[in-house]
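Chains as they are written, first to last, in numbering that gives the first Met the number 0: chain A, 0 to 103; chain B, 0 to 103.
Hint data in this document are derived by calculation from the structure and do not stem from the laboratory.
Don't take every hint at face value.
Since copy identity is lost for identical chains, a pair holds within one copy or between any two.
[To be verified] Derived pair list, reagent style DSSO-like, types lysine-lysine, alpha-carbon separation capped at 30 Å:
#1 Lys63 <-> Lys89
#2 Lys68 <-> Lys15
#3 Lys96 <-> Lys66
#4 Lys68 <-> Lys89
#5 Lys96 <-> Lys15
#6 Lys60 <-> Lys96
#7 Lys96 <-> Lys36
#8 Lys96 <-> Lys68
#9 Lys66 <-> Lys89
#10 Lys79 <-> Lys68
#11 Lys15 <-> Lys38
All values reported here derive from a predicted model rather than from experimental measurement.
Number of protein chains: 2
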Amino acid sequence: MAEDVIFELNEIFHVKARLGIMTLLISFEEMDFNGLKSKLGLTDGNLGAHLRVLEDAGYIKIIKGYKGKRPHTTCRITEKGSEAFQDYLKQLENLIKMARAENK
Amino acid sequence: MAEDVIFELNEIFHVKARLGIMTLLISFEEMDFNGLKSKLGLTDGNLGAHLRVLEDAGYIKIIKGYKGKRPHTTCRITEKGSEAFQDYLKQLENLIKMARAENK
Numbered sequence: 000m001a002e003d004v005i006f007e008l009n010e011i012f013h014v015k016a017r018l019g020i021m022t023l024l025i026s027f028e029e030m031d032f033n034g035l036k037s038k039l040g041l042t043d044g045n046l047g048a049h050l051r052v053l054e055d056a057g058y059i060k061i062i063k064g065y066k067g068k069r070p071h072t073t074c075r076i077t078e079k080g081s082e083a084f085q086d087y088l089k090q091l092e093n094l095i096k097m098a099r100a101e102n103k
Numbered sequence: 000m001a002e003d004v005i006f007e008l009n010e011i012f013h014v015k016a017r018l019g020i021m022t023l024l025i026s027f028e029e030m031d032f033n034g035l036k037s038k039l040g041l042t043d044g045n046l047g048a049h050l051r052v053l054e055d056a057g058y059i060k061i062i063k064g065y066k067g068k069r070p071h072t073t074c075r076i077t078e079k080g081s082e083a084f085q086d087y088l089k090q091l092e093n094l095i096k097m098a099r100a101e102n103k
C-alpha cells in the first residue's frame with residue numbers, strides 16, 4: 000500500500016542536501032568539503048551537519064588531513080552507503096510506479 | 000549535472016508526510032482528515048501543518064463541512080497539484096537515472 004512504500008523511504012537520504020551529497024560522491028568518488036560546499040550552495044555549518052548524519056549512519060567516510068598547512072577534509076561513500084543508496088533509489092522507483100498506477 | 004537535478008526537486012513534495020498525503024489523495028481521490036491521520040500516523044497538528052503547506056501552494060483543496068453535528072474536513076488534489084506532482088515524479092526519475100549512470 001502507498002503508505003507502506005512511503006514509510007520505508009530512507010529518511011537519511013530523503014533530504015535534498017544529503018541526496019545532493021550522495022549523488023556527487025557517487026559521481027566523483029571522492030570530494031573535499033569545499034567542493035561539496037560550492038556545488039551544493041550550503042553553508043559550512045549546514046554541510047557539516049549533513050555530513051555528520053551520513054557518517055553516523057556509516058554511509059560515508061570523512062577523512063581529515065592537511066593540504067600543505069591547511070586542514071583539508073575529504074569525503075567518500077562507504078560500501079554500506081553505496082548499498083543503502085541503491086536501495087533508496089529502488090524505493091523511489093516503487094513509489095513512482097505506485098503513484099502513477101493509482102492515478103488512472 | 001547532478002546538483003541541478005536535485006535543486007529542481009519540488010521541496011513541497013519532497014517531505015515524507017506530504018508525499019504520503021499526495022499519494023493517498025491520488026489513490027482515493029478524496030480523503031477526510033481522520034482517514035489521512037490514521038493512514039499516515041501523524042498527529043492532528045502535524046497533519047494540519049502539512050495540509051496547509053499543500054493548500055497554500057494550490058495543490059490540494061480542503062473542504063470544511065459537517066457530518067451530522069461534527070465538523071468534517073475533506074481533502075482533494077487540484078488540477079495544479081496533480082500536474083505538479085507528475086512533474087515531481089519525473090524529477091525523481093531523472094535523479095534515479097543519473098545516480099545510476101554515475102555509479103559505474
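To see whether the hints hold, each was checked on the structure:
no., hint, verdict
1, Lys63 <-> Lys89, "neither (32 Å within a copy, 38 Å between copies)"
2, Lys68 <-> Lys15, "neither (33 Å within a copy, 43 Å between copies)"
3, Lys96 <-> Lys66, "neither (46 Å within a copy, 35 Å between copies)"
4, Lys68 <-> Lys89, "neither (43 Å within a copy, 46 Å between copies)"
5, Lys96 <-> Lys15, "both (21 Å within a copy, 16 Å between copies)"
6, Lys60 <-> Lys96, "between (33 Å within a copy, 25 Å between copies)"
7, Lys96 <-> Lys36, "between (33 Å within a copy, 24 Å between copies)"
8, Lys96 <-> Lys68, "neither (51 Å within a copy, 40 Å between copies)"
9, Lys66 <-> Lys89, "neither (38 Å within a copy, 41 Å between copies)"
10, Lys79 <-> Lys68, "neither (32 Å within a copy, 55 Å between copies)"
11, Lys15 <-> Lys38, "both (13 Å within a copy, 25 Å between copies)"
Hint compliance for this structure: hints 1, 2, 3, 4, 8, 9, 10 are not met, and every other hint is.
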